[in-house]
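Position in the sequence shown (first residue = 1) + 19 = this note's numbering.
In short, the hints are calculated from the structure, not lab data. Where is the CB? At the ideal position from N, CA and C, for every residue including glycine. Possibly wrong hints are sitting among the right ones.
[Unchecked claim] With a straight-line Cα cutoff of 27 Å, these simulated DSSO-like cross-link-like pairs (lysine-lysine) come out: (1) LYS69 with LYS44; (2) LYS186 with LYS210; (3) LYS230 with LYS219; (4) LYS120 with LYS48; (5) LYS44 with LYS120; (6) LYS82 with LYS125; (7) LYS125 with LYS69; (8) LYS120 with LYS139; (9) LYS186 with LYS82; (10) LYS120 with LYS230; (11) LYS120 with LYS186; (12) LYS240 with LYS219; (13) LYS44 with LYS72; (14) LYS186 with LYS224; (15) LYS125 with LYS48; (16) LYS125 with LYS139; (17) LYS139 with LYS72; (18) LYS125 with LYS44; (19) LYS230 with LYS186; (20) LYS139 with LYS48; (21) LYS186 with LYS240; (22) LYS120 with LYS82; (23) LYS47 with LYS139; (24) LYS44 with LYS186; (25) LYS139 with LYS69; (26) LYS47 with LYS69.
[What the hints assert, rightly or not] Label-pair ranges, simulated between beta-carbon atoms: (27) TYR216 with TRP274: 46 to 54 Å; (28) GLN172 with LYS240: 20 to 28 Å; (29) TYR216 with TRP196: 23 to 31 Å; (30) LYS139 with TYR75: 21 to 29 Å; (31) PHE59 with LYS139: 19 to 27 Å; (32) TYR132 with LYS230: 30 to 38 Å; (33) ARG237 with ASN148: 20 to 28 Å.
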Amino acid sequence: MDSFQKIIQECNNTTLNNQQKVGIKVSKKHVINTLNYINFQDGVVYINFKHVKHDYIMTLQAKPQPCIEDHVDCLWVEPVTSKQKLNSYEYLDFILRDGQKLILIKGGVEEIYESGIRFKLPETCLEFNYRKVKRNSGEGIQVDFIQNGAVFQGLLLDFSAVSFRVKITAVPPQSFWLISPNNMVEVVLKKDQDIFYSGKCNIIKQSSGQKTRSFVLRPVKNLMQRFRSKEFRSPRHKLNLCQILFSTIRLFRKWSIWRLKTSPALGFLSRNIRKTPCFW
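Work the whole structure out from these sequences, hints included.
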């Protein structure tokens, strides 16, 4: 949620004119289908409120209800005293997460009640990418996170072609103060008795937390060498173009003679070929 919160803030700091340059307009029908898919997956949307006096944006999570027409109801994930809490805030927008894309909706608020909020959807919304590299979710992959003799354990959250993200748990007397973000870590990815990856990684970024933290790691080596390199280099041979050419001609002549011998209709020509002078 921390990294996604930063993405939302970047979206809100961008003006609408700039978003129209990088975003793609999508229809209300597409937004309704996305809302219903999020509802089916028991997902959430992110509703942004801006403080009236201070330049501060508060993001609340809500679960969208089935949507058919122009209106959609979203129920708060965490119970809040909405009317009291939102007195100092004004509605800004809400954001849908559709895979590797974000849909920014400037819908009008019709009602804010104790358990949720109701919107009226506009005719068009903005859709734009927020990640260049696609991430795949990791399920059931265990992680050994080792640095300076301290061994932490956790799970693989997701991975891409260049990096992966893990969730590490600190079991007392362990502490995350033992981990130095400037030093490399040894990471082992495994499931039961099978080891999928083992190598040194750099810490790209990490979240905050006392009991659990997420780390984005990037392997030091892009390619893994599965076999030992040879102690002595194999001998190299210099190629001679003339020798290759004449060898090819001799091979072709032998094949032609064999083809004539094996063909009954052209067998009589083989005697003439033997008598024909040739420079090879």
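For each hint, the structure was consulted:
no.	hint	result
1	LYS69 with LYS44	24 Å, holds
2	LYS186 with LYS210	15 Å, holds
3	LYS230 with LYS219	24 Å, holds
4	LYS120 with LYS48	17 Å, holds
5	LYS44 with LYS120	13 Å, holds
6	LYS82 with LYS125	17 Å, holds
7	LYS125 with LYS69	13 Å, holds
8	LYS120 with LYS139	22 Å, holds
9	LYS186 with LYS82	25 Å, holds
10	LYS120 with LYS230	31 Å, violated
11	LYS120 with LYS186	24 Å, holds
12	LYS240 with LYS219	8 Å, holds
13	LYS44 with LYS72	31 Å, violated
14	LYS186 with LYS224	12 Å, holds
15	LYS125 with LYS48	15 Å, holds
16	LYS125 with LYS139	9 Å, holds
17	LYS139 with LYS72	26 Å, holds
18	LYS125 with LYS44	12 Å, holds
19	LYS230 with LYS186	10 Å, holds
20	LYS139 with LYS48	13 Å, holds
21	LYS186 with LYS240	22 Å, holds
22	LYS120 with LYS82	18 Å, holds
23	LYS47 with LYS139	11 Å, holds
24	LYS44 with LYS186	36 Å, violated
25	LYS139 with LYS69	19 Å, holds
26	LYS47 with LYS69	25 Å, holds
27	TYR216 with TRP274: 46 to 54 Å	51 Å, holds
28	GLN172 with LYS240: 20 to 28 Å	23 Å, holds
29	TYR216 with TRP196: 23 to 31 Å	26 Å, holds
30	LYS139 with TYR75: 21 to 29 Å	26 Å, holds
31	PHE59 with LYS139: 19 to 27 Å	22 Å, holds
32	TYR132 with LYS230: 30 to 38 Å	35 Å, holds
33	ARG237 with ASN148: 20 to 28 Å	21 Å, holds
Checked against the numbered hints above, the structure breaks hints 10, 13 and 24 and satisfies the rest.
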